[in-house]
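J.: Next come the chains, spelled out residue by residue.
There are 2 protein chains.
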Amino acid sequence: MLSKYVPSVEWLKRYNGMDFKGDFIAGLIVAIMLIPQGMAYAMLAGLPPVIGLYASTIPLIIYAILGSSRQLAVGPVAMVSLLVFSGVSTLAEPGSDQFVSYALLLAFMVGVIQLVLGLFRLGFLVNFLSHAVISGFTSAAAIIIGLSQLKHLLGIELPKGANVFGLLYETMTKLGNINFYALLIGVLSIITLIIFKKYVPKIPGPLVVVVLSSLAVYYFNLDQQGLSIVGDVPQGVPSFSLPGFEWDSIISLLPVALTISFVGFMESVAVAKAIAAKEGYRINSNQELNGLGAANIVGSFFSAYPVTGGFSRSAVNYQAGARTPMAAIFTAVLIILTLLFLTDWFYYLPNTVLAAIIMVAVFQLIDVKEAKHLFKVKKIDGWTLIVTFAATLLTSIETGILVGIGFSLIVFIWRSAYPHIAELGYVEEEGIYRNLNRYPNAKTYDRTVIYRFDASLYFANIAFFEEQLAKKINEDTKKVILDFSAVNDMDAIALDELDRIIEEYDSRDVKIMIANMKGPIKDLVEKAGWAEKYEERISNLPVSRYVSK
Amino acid sequence: MLSKYVPSVEWLKRYNGMDFKGDFIAGLIVAIMLIPQGMAYAMLAGLPPVIGLYASTIPLIIYAILGSSRQLAVGPVAMVSLLVFSGVSTLAEPGSDQFVSYALLLAFMVGVIQLVLGLFRLGFLVNFLSHAVISGFTSAAAIIIGLSQLKHLLGIELPKGANVFGLLYETMTKLGNINFYALLIGVLSIITLIIFKKYVPKIPGPLVVVVLSSLAVYYFNLDQQGLSIVGDVPQGVPSFSLPGFEWDSIISLLPVALTISFVGFMESVAVAKAIAAKEGYRINSNQELNGLGAANIVGSFFSAYPVTGGFSRSAVNYQAGARTPMAAIFTAVLIILTLLFLTDWFYYLPNTVLAAIIMVAVFQLIDVKEAKHLFKVKKIDGWTLIVTFAATLLTSIETGILVGIGFSLIVFIWRSAYPHIAELGYVEEEGIYRNLNRYPNAKTYDRTVIYRFDASLYFANIAFFEEQLAKKINEDTKKVILDFSAVNDMDAIALDELDRIIEEYDSRDVKIMIANMKGPIKDLVEKAGWAEKYEERISNLPVSRYVSK
Chain U
78 MLSKYVPSVE
88 WLKRYNGMDF
98 KGDFIAGLIV
108 AIMLIPQGMA
118 YAMLAGLPPV
128 IGLYASTIPL
138 IIYAILGSSR
148 QLAVGPVAMV
158 SLLVFSGVST
168 LAEPGSDQFV
178 SYALLLAFMV
188 GVIQLVLGLF
198 RLGFLVNFLS
208 HAVISGFTSA
218 AAIIIGLSQL
228 KHLLGIELPK
238 GANVFGLLYE
248 TMTKLGNINF
258 YALLIGVLSI
268 ITLIIFKKYV
278 PKIPGPLVVV
288 VLSSLAVYYF
298 NLDQQGLSIV
308 GDVPQGVPSF
318 SLPGFEWDSI
328 ISLLPVALTI
338 SFVGFMESVA
348 VAKAIAAKEG
358 YRINSNQELN
368 GLGAANIVGS
378 FFSAYPVTGG
388 FSRSAVNYQA
398 GARTPMAAIF
408 TAVLIILTLL
418 FLTDWFYYLP
428 NTVLAAIIMV
438 AVFQLIDVKE
448 AKHLFKVKKI
458 DGWTLIVTFA
468 ATLLTSIETG
478 ILVGIGFSLI
488 VFIWRSAYPH
498 IAELGYVEEE
508 GIYRNLNRYP
518 NAKTYDRTVI
528 YRFDASLYFA
538 NIAFFEEQLA
548 KKINEDTKKV
558 ILDFSAVNDM
568 DAIALDELDR
578 IIEEYDSRDV
588 KIMIANMKGP
598 IKDLVEKAGW
608 AEKYEERISN
618 LPVSRYVSK
Chain W
78 MLSKYVPSVE
88 WLKRYNGMDF
98 KGDFIAGLIV
108 AIMLIPQGMA
118 YAMLAGLPPV
128 IGLYASTIPL
138 IIYAILGSSR
148 QLAVGPVAMV
158 SLLVFSGVST
168 LAEPGSDQFV
178 SYALLLAFMV
188 GVIQLVLGLF
198 RLGFLVNFLS
208 HAVISGFTSA
218 AAIIIGLSQL
228 KHLLGIELPK
238 GANVFGLLYE
248 TMTKLGNINF
258 YALLIGVLSI
268 ITLIIFKKYV
278 PKIPGPLVVV
288 VLSSLAVYYF
298 NLDQQGLSIV
308 GDVPQGVPSF
318 SLPGFEWDSI
328 ISLLPVALTI
338 SFVGFMESVA
348 VAKAIAAKEG
358 YRINSNQELN
368 GLGAANIVGS
378 FFSAYPVTGG
388 FSRSAVNYQA
398 GARTPMAAIF
408 TAVLIILTLL
418 FLTDWFYYLP
428 NTVLAAIIMV
438 AVFQLIDVKE
448 AKHLFKVKKI
458 DGWTLIVTFA
468 ATLLTSIETG
478 ILVGIGFSLI
488 VFIWRSAYPH
498 IAELGYVEEE
508 GIYRNLNRYP
518 NAKTYDRTVI
528 YRFDASLYFA
538 NIAFFEEQLA
548 KKINEDTKKV
558 ILDFSAVNDM
568 DAIALDELDR
578 IIEEYDSRDV
588 KIMIANMKGP
598 IKDLVEKAGW
608 AEKYEERISN
618 LPVSRYVSK
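Residue numbers (this note's numbering), protein chains in the order written: chain U, 78 to 626; chain W, 78 to 626.
A pair holds if it fits inside one copy or across any two, identical chains being indistinguishable in the list.
Taking lysine-lysine pairs in the DSSO-like style, the calculated list, with each CA pair at most 30 Å apart, reads:
| no. | residue 1 | residue 2 |
| --- | --- | --- |
| 1 | K350 | K604 |
| 2 | K548 | K599 |
| 3 | K604 | K355 |
| 4 | K275 | K98 |
| 5 | K446 | K275 |
| 6 | K548 | K588 |
| 7 | K355 | K555 |
| 8 | K588 | K355 |
Derived from the structure by calculation, the hints contain no laboratory data.
Modelling step: build the complete structure from the supplied sequences, incorporating the hints.
T.: Put into structure tokens, the structure is as follows:
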């Protein structure tokens, strides 16, 4: 019972030296990666960099205790940071104390929402996010995030809240104000990060650029040349405090809190499932919600903004040999040590380097291959991706994901409203009734139509069913055999309509019979009294039994 | 070509004396019914009664020329009148000139929307309105309409815009102000209408109560006792005039115009289809949209408010022997004659009688039987009805229908996301593979699972598919035969996931094979290269071919 809600009980029991070795090395590597990333993502969220470090401590420990993934690296991530920025920046000035306090309240709300979803076992909701939607949405968000960092990379001021095209336009008009050092260091950092990622993956690129750029600023006094730097990072661990609960703020933050809860969970569970499948264990998505929810709630008491499991850091954690959530605890401890003793080291770190780290991290999320693949296999799924991508880019990240979900569900409904249909004939060699369009030589029967409707019957397609059936029938037709092998479900509306259709055809001397009825459909029509009314005309027997009659 | 867009060309060619006799009598009966109803519904819409008569002239003639139903009786109806009231009363004072001019603009907008929908062949959209939604929505609207007439029946003032419970509460507090004559005449009218409807259906009850009550008011001077009467009805036919086009008004009226276009079309096409089925001709729903659209546009130039085909009048028209749309033209001519010569006769008609006519007309739309039937056959469809009913009653008529559509589509998606599944065994007597739960004695095979998933595979149920499959498999399983006979469609997301699932089971030494693949699914997986990758493991052959392998 305890281990159901606290999965750590299980792995702690069997913890051994091998686990320790793998976990410690992975924890160290992730910590080195997380320190610059945490500060960068906090900057992206409109928060002081130190908040990103705070979010890399307590939440990691809570998730390690309660989460069901063994390798997931929880902490600040780009997408959630962008959502925090877009949600809170309408209420307070980015970087201000008020902004920070809203971000903490938001983390608390996200945690409560996730915990409630988990306790009510609503994790399945994430299944309604099609992969095409996730891919289109992620690619668009990556572009928005990348462009939002242009101002740091160029060292200019840009209006907040503008959309992608607005940002590009404003950037054009302000090209004259570019800070040369910001641009130079930023571009060099991007090149370095890409080279290290590709050719020297063992050495963490972010650490290299952070160290080198800080030294350069320090020795050449570049901060006196208008280059913007991180500056003072307060020393010490965050103390316990409650977020400010105000009813008005809660209402205003609710939409973005819901979006973060959902998007964060989705990102987290996708990467957790991928790793779990490789390792042969299973992820319980409701327990994931509990773990993330608790991490965010407790985190919000210790100055952490919303966190979730990240794609790239989890992959690094796994590849570096993490075997249990203990790796994440090591990461958290190393970051706490950093907060206690190393904060001075970040004083000369230029913001343009953090921007470069963000840009390199997010641009690899743009997935053109997936779009091509979907278009090749099934065009409409490719369009779902494009629509989601365009909606996210042109409106906002929250609207984009809603448009994507709506579009993908409409596509699904559309397909079931206009399904594939087939008139069947008998293929003697195989002993099977098959589509006459594909098997033109199949045997047909005198005055008889065998008709297969390839969908569940329900209110939205019963009219189409009737129309198409009417087209197959001519004056000579005396018998219609409906092959119901593909009718998986039927609602009461379709049932009543079908009853009327059979009666109408009866009155025109065309006898409709139903073969291959599935159990659940048979139960349903019997409830409606069809067993007496239509007797041997409906059954779960194959088409052949009706041809002879 | 002409007859495609102007169906009247067809029936006019073959018009004969028999047609004339049936049409004339039906046209006369409908006119007698329509005169009081037209005035009553105009009152319900917040318009002077004469507007209801105007709406019973030109629109009928235009529909007769362009519509595809031969018996549909177009004109003012209760539901649309209520929508006009709820949409326009937020912009102007009911009964005022401004209110009338908004109602005419609304008729024009409704006409344009319907015509555009018809020309773009979007009539199929009405299929997405489940009968459960229509039934719940109509019952609730009937209650709202009926209660909205309480003020006339009791002769009191009630605040407009209140919801059902507000209205009932306000009525309670004002019971002291009741006008005795209004209540008496109203209740007597209701009783008379019900009795005539039930026992003397040949004589039109509305005509009887209109004549008798007018005489009573005239002889006993009841209008001087505070009884509210129709008063002056302007003589003569409406002259041509353009509705006032103002951008702001158009924007404000757009939501209600869309609702009326859709709801009006739905009501119209439902009754037209029912009559056409009995008469053995077909309704073209796009041509219906063209006909109704043109009727509303041209009507709006001659002071008509929005019209559509009505349930009860169309039934009366049909039963009275109408054979062609000429019947509607006779009705229109008779109403024009009334406007020219008989308007004085309506001076003493009490409003309470019009209220009684509305109440009796709408309360028969409340359909409890349908709700019971749906609950008996399939509970969830009954709930769709209840949800729509409650939403319409508690919020508004426009919101109610949207909630209903949304709920019914969510129910459908929900069902396909958690479909029926079956593990199969061989039933020797029948030579068929059947569900082991229903046929426990069916033969199973060593280390083999035969699994049938009764739904199309798509992004929202592929996770469920995988989960359920995993449950069927134990350590001994070496072979899984997926019976794909019920998989009617598959999207690219499900395809990729299925590919991954097969690979994962391969790596665990469990061989997945797919039998009974339909043509469209086979095409799809071949596009994704499965023919080479999985070769003889996937096919359209029956399960039996895989059992032996």
